[in-house]
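S.K.: Here are the chains, one letter per residue:
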Amino acid sequence: MTDRRAIVGDAVALGLGTGVYALSFGALSVASGLSMWQTQALSLLMFTGASQFALIAVVASGGSAAVAIATSTLIGTRNSFYGFAMAPVLRPRGLTRFVAAQATIDESTGMAARYEEDRASARLAFWSTAAAIYVLWNLGTLIGALGAGLVDDPNTFGLDAAAPAAFLALVWPRLTSWPMRTVAIVSLVAAVALAPFLPAGLPVLLAGAGGIVVGLVLGIRAGEE
Amino acid sequence: MWPTVLIASGAAFALKFLGYVVPQRYFDTPLARTITLLIPVALLSALIGLWTFVDGNHIAVDARAVGLLAALIALLLRAPFLVVIIAAAATAAIVRALGLLP
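Residue numbers (the numbering used here), protein chains in the order written: chain H, 15 to 239; chain D, -8 to 93.
Because the hints were derived from the structure by calculation, they are not lab data. It is possible that some hints are incorrect.
Some chain H residues near chain D, calculated using beta-carbon distances under 10 Å [said to hold, decoys possible]:
1) T91
2) I119
3) A204
Ideal placement from N, C-alpha and C gives every residue a C-beta, glycine not left out.
Sequences are here, hints too, so could you generate the full structure?
M.R.: This is how it looks when you write it as structure tokens:
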């Protein structure tokens, strides 16, 4: 098993990075018209950053509640696939299934995916990442919401560049072969190309599906990557 | 606003939970295992693209792209997570402060 302390250290580091990004969520959410408690409820209950940002973006643009809910839900559909991928690794039973479900996000799944052949490390990576991010994402949200009026635009501090950087760091260890790199590049380019033409949520799903097809065509197989 | 927050949060949880209740045995094939291996890479990469090069519903190359480039360089130099994230945010902030890109 990979060094336990190294795994937990990575989890805390990623949590801190996500906390930085949460500052911008908290501030932008309050600026969008949500109260501090509604903002905090999203981070506590929804706990999936992309959907949270999508919801407040629709609210800020004056969209209806139905569109806000639909957009955030569509973006959250990838978590079903993450849960499906994590179920055989975590094998949660009873109440743990509910906790595992809530803990299933990009980062926890991405960190676990770094240890494909080592179930104990994958489990530790999943749970420690989820715990670190849950605490720091909510703390960051609270501080961001409280400080919302203090800065004109949180992106002045480059906070909007933090999430893509964190995600790149997550997929990085997987990008060791050219077929896998091609999957990443195709998915990225396809999502950007589709974004102007489709409602939020669909580009990520279609681009992701396209990337998966490319990976299969290029002959990627589980266990021999 | 509360109904929106709570309904959307409930839907988000239901989607997460769904993955754990779909019977795995229906999908226990080499193909399904390969697809579950590809899912995080493909979806996270798509999100990187959207959050770096898309603003609202149009394509935009701004300070975020320079931030991602900084993250890429940090990763090539084997920097730890937190350094990668801070490098990206700081670079984007500097690019904006200098007025080079929005």
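S.K.: Check each numbered hint from earlier against the structure, then list the numbers of those it violates in ascending order.
M.R.: none
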